[in-house]
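Colleague: In order, the protein sequences belong to chains Z and L.
So for the first sequence, the numbering used here puts the first residue at 1; every next one is plus one.
So for the second sequence, the numbering used here puts the first residue at 1; every next one is plus one.
Source of the hints: derived by calculation from the structure; they are not laboratory data.
Incorrect hints may have been included.
As the list claims (entries may be wrong) - Lysine-lysine pairs mimicking PhoX-like chemistry, simulated, CA-CA at most 20 Å apart:
hint : chain 1 : residue 1 : chain 2 : residue 2
1    : Z       : Lys118    : Z       : Lys75
2    : L       : Lys426    : Z       : Lys374
3    : Z       : Lys75     : Z       : Lys150
4    : Z       : Lys374    : L       : Lys94
5    : L       : Lys140    : Z       : Lys366
6    : Z       : Lys118    : Z       : Lys150
7    : Z       : Lys374    : L       : Lys781
Stated by the list, open to error - Covered by chain L, according to a simulated footprint, are these stretches of chain Z (three or more residues, beta-carbon under 8 Å):
hint : region
8    : 175 to 182
9    : 277 to 286
10   : 330 to 342
If you're wondering where the values come from, they're calculated on a predicted model, not measured in any experiment.
C-beta: ideal position from N, C-alpha, C; glycine also.
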Amino acid sequence: MTQLTPVLSAHWDEKDSFTIAGYKRHGGYDAAAKALKMEPDAVIQLVKDSGLRGRGGAGFPTGMKWGFIPQGDNKDHYLVVNADESEPGTCKDMPLLLANPHVLIEGCIIASYAIRAKYAFIYIRGEVTHVVRRVQQAIDDAYAAGHLGKNIFGSGVDLELVLHVGAGAYICGEETALLDSLEGFRGQPRLRPPFPAIAGLYARPTVVNNVESIASVPAIIAHGAEWFSSMGTEKSKGMTLYSLSGHVTNPGQFEAPLGITLRELLEISGGVRAGHQLKFWTPGGSSTPIFTSAHLDTPLDYEGVSAAGSMLGTKALQIFDETTCIVRAVLRWTEFYKHESCGKCTPCREGTWWLVQILRDLESGKGSEADLEKLLDLCDNIMGRSFCALGDGATSPITSSINYFREEYIAHLTHGGCPLDPHAATVFASAKAGV
Amino acid sequence: MSNEVVDMITVVIDGFEVSVPKGTLVIRAAEKLGIQIPRFCDHPLLDPVGACRQCLVDIEINGRAFPKPQASCTIPVEPGMIVKTQLTSAVAKKAQEGVMEMLLINHPLDCPVCDKGGECPLQNQAMSNGQSDSRFEGTKRTFEKPIHISSQVLLDRERCVLCARCTRFSEQIASDPFITLNERGALQQVGIYEKQPFESYFSGNTVQICPVGALTGASYRFRARPFDLVSTPSACEHCASGCSLRTDVRRGKTLRRLAGDDAEVNEEWNCDKGRWAFKYVTAADRLTHPMVRNASGELQEASWPEAIAAAAAGLQKTSAAVLVGGRASVEDAYGYSKFARVTLGTNNIDFRSRISTAEERDFIASTVVRAKTTYRDIDRADSVLLVGFEPEEESPIVFLRIHKQVRKRALKVTAIASKLSIGNEKLSANFVCVAPGSEATALPSVALTAQSVILVGERACESAGLLSAIAALAEKTGAKLAWIPRRAGERGAIAAGAIGNLLPGGRPVADASARVDVAAAWGVTSIPSSLGLSSDEIIAAVNKGTIGALVVGGVDPLDGENHHEMLEALQKAFVVSLEIRPSAVTTLADVVLPVAAVTEKSGSFLDWEGRSRNFEAAVVDSLQRSDVRLLSMIADEMSKPISLSTVKAASKEFASLGNWDGAPSALSLTSVQTVSALQANEALLTSWRRLLDEGSLQQGEENLAGTARKPVVVISPKRAASIGVTDGEAVRVSNSHGAIVLPVLVEAIHDDAVWLPRNSRGSHLLATFGVASGAVVTVVKD
Ligand SMILES: Cc1cc2nc3c(=O)[nH]c(=O)nc-3n(C[C@H](O)[C@H](O)[C@H](O)COP(=O)(O)O)c2cc1C
Ligand code: SF4
Ligand code: SF4
Ligand code: SF4
Ligand code: FES
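Extracted from the complex, chain Z is given alone in its bound form (with noise of 0.2 Å):
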């Protein structure tokens, strides 16, 4: 059985954990000072040695990605830093700056020296005004202790930070359409080449990373890289966060090592709702095609994930039991696509407005089961063929749960609508019946 091995979240249940006094109680800032003293490209190969890979999604090797900046090349570097969580079931990064923000602050100041980067950003998401809030303070104290700004510990070193509020629209996650956010444009993804790395934010070598990523980053300078790739799988390095939400006795964020199983962390969690029995869940957001009961015992890495014909992504486990109709829950996280994209590709933009409609009409009894095949042909139009990963994504939920709950869907359309209630599947329903 995989223990928990709590490092970002080791003490989220002191009463100040968020202030910088209770950072610093547990050794907070000592990384940086560490880290400021080494050559920054010794960084970068202590980072790539951790094996510590993007927690953003596509698991991409973050020491390898801050080697991309081109060094001595006269040009201002940026560090972004991606806080917009705002994909379906994502819930890690916002908990984890509102209990722990310094450890972010000081990945920062790692990650930035590092990259030889004078200025850093922090791009949050604009809906959570008490992060926000959190973030700012911390940043105002770290300022005030001499953390960031000039000449940061003696060392010589600068670093700006800013906190920069988006508007609420989930491309601003993708890092390209983030940039454009934080530049003053509207949020939509750039063409690549050229990549952040050579040209990003205003056109100058960037690297954008998500909130855990930078925020990994401290404990491995503190204890080393090989303390890092001691937790977790071959390839799939280190702890992480993962967020359990839905029909499970005790939702929230487990800290584990890369490759516990859904068995496990449903143990921990205390299991499905009581009384009830898993149906699908994702293993890392919407955008990751469903798993079922089938897939309890896979690994819960990039590889073994994958494997299994989904996604590790943000390791965003959505808990959905029996009283869940599939049919509703994929028009829900469709229409959320649909809300979202951004409209600058075809197959995104027109694909989502159809999908929604013929899902609409699935959900109220409406169609034939070519229906079906017609939803698996957009589909196949759409994944691949979209611009950026959103389209892409849209399209997992419904390929994955016709895939597993075809049944489920034909029955609405003998039934004449959804066969199940849809009061049970809510917190409530079992509020009333005292379960």
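Please arrange chain L with the ligands on chain Z, whose structure you already have, making use of the hints.
Modeller: Same frame as chain Z, now just chain L with the ligands:
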């Protein structure tokens, strides 16, 4: 032409090898093989976006296949690349059909009532690369049907395929980012900022490159179906940029003009004036019949033989001179030039029916005739210097070409002027601010090399000594020089010898062998040897009584500083006027001969480069009344024939003369004027004509006029403070002749200067002040 080495890359597309320069996009390489990959957002002159996804193809490089189809409009060729388009890949074909089907789900069924129907890339490609049936059974997205985004452009958002061609054009080419894509998902739409409509001088290009009928021109809307139109390649008559155009005519009426393709000149663009200002041709007051002043002093319609005879009789009686405006075709200008020398026996001819000087005439004969600077030189320049020239207002395609290089490689632009213009701001020009009349003093401060280009406008003559100083500067630095007049006919008129010191082909009148040359070609014994008078001198001579008759073609007395004298001269002299519409000249003329407008005749212009721009008659004029033909008839009547009875004959004879290979005349230095001291309320006038203004060729096109920049008086912050005005308040500018009151705009302008548009609504400087630049005027709060 150039010895730049280009790396070639060979790729295989649908089984055929093709070699293209490195950097070529797959979609272009396929075109080279004649393989048409469907596309919407792709445009060869815009940065790729890869938005519509219509151009998906399968690609492998050195045996490694991309896992999914790629947008061929965004991927440059690479060695070892194998491309399979819809013709050979089932995956690519399905991907394209899928995208097309999705593009159509929200497209309205407007084809039968849409302007684009019949020439619509969406219609065409839906037929060639789509499926015959749609599987969409849902609800289409709807928008309010068309909205005006300017007085001349309408937007139908339902038809828009969101390709971003229009927005990219406006941002990347015109630097007028007044339209953008707003909102998201299927509600994404093109829009304007509510307080700033799409008032770009280049907005018409977006209508032309919109791949659907989403953007339409107010003037052409619902007028025709493309298959009812007869298209004729033409050249624009509005300025010296030299745009190639296409004129579309339906049943004898011009319905629209489009930018033509010419990579060397206008690429695929033109300006809104060239596109939409053609209604003057069909104005209700077009002259249709010859007129002769009768015994009681009234103009009366006459037959052609009568009118020609009357013209000949009048001209025979006295010494005559020729005033031909700057809008004549090369062939017509050549006709006037030969008519003056052969029929009238004089060198008294001048095309400069505008402010002009003797210094300028010398500059033309010594320098302009030799200038070989071209658009390509701008492409390669290390810096561009602008003097007395506002490219965006006075030669818009020159502006686009400079802007292209500014955007591509931060080409350095320096502008010597009294006021910073919108155009020069867009070029990020280094603005060297001088008082009107002091331009020459700033020249020494500009660093130039043999790779630099100096572009000098016709207004440079308004500053004494400037043209000769520029010529000297070009000589010293080796920089390439071009003189850019505003009007389309001026460069051709110089080549045709429609000026007193030059014979055709740049031959100096003063050079005996040049005269012999021309005389021999024309079969006459001699060419008058004395230098001709300038237009100002001709007018003075008429008023003194030494010249008794004038042949006037396309001249507006209000274009010059001396219009009172000009009107007096027109009254005194026997005047033969060749015109298309009634004017101050026709009213005073003794014989009026109606002539053809540009769309009604064939011919050519020389653009500012000296490049020939040919046009054919788009509308057939049964009489073929090109000026040259009428002049030839008068000459016959006077028994001093010029034998140019057709445009073709004129063009052939002009070409056979060739260019002068002898020494051009030398330019003597004119000294720079010293500027007089100003009182507190006084300022030096500076002005230029805006692209869209009250020019006579723009009349009758209200939609176009609606997008003209609003007339303002521009003064510096210091002056504004001293007379106590802020933006928008009325200011009165006056001299002894008259006054103009307009809202003020406080901007970057020399403290000693005041700027007004030269010929805009409520601001006609020559008519009101009798001057347009350099003169002292009084500026006070109204
Ligand atoms: C539609 C879309 C939304 C995304 N949203 C986020 C997000 O909210 N947060 C995030 O870190 N990455 C997001 N990403 C991934 C980013 O593009 C990028 O890969 C990531 O920030 C890189 O950080 P990492 O290497 O640390 O994982 C999104 C990607 C897409 C296509
Ligand atoms: S797939 Fe296309 S429309 Fe969808 S978010 Fe990405 S770029 Fe925008
Ligand atoms: S209006 Fe026309 S050019 Fe502009 S985005 Fe729409 S379809 Fe493209
Ligand atoms: S730029 Fe000049 S030539 Fe071209 S369309 Fe405009 S007016 Fe005509
Ligand atoms: S033409 Fe290639 S994506 Fe639009």
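Colleague: If a hint holds in the structure, say so; if it does not, say that too.
Modeller: To see whether the hints hold, each was checked on the structure:
| no. | hint | result |
| --- | --- | --- |
| 1 | Z:Lys118 with Z:Lys75 | holds (11 Å) |
| 2 | L:Lys426 with Z:Lys374 | violated (50 Å) |
| 3 | Z:Lys75 with Z:Lys150 | holds (19 Å) |
| 4 | Z:Lys374 with L:Lys94 | holds (14 Å) |
| 5 | L:Lys140 with Z:Lys366 | holds (18 Å) |
| 6 | Z:Lys118 with Z:Lys150 | holds (10 Å) |
| 7 | Z:Lys374 with L:Lys781 | violated (72 Å) |
| 8 | 175 to 182 | violated (count 0) |
| 9 | 277 to 286 | violated (count 0) |
| 10 | 330 to 342 | holds (count 5) |
Checked against the numbered hints given earlier, the structure breaks hints 2, 7, 8 and 9 and satisfies all the rest.
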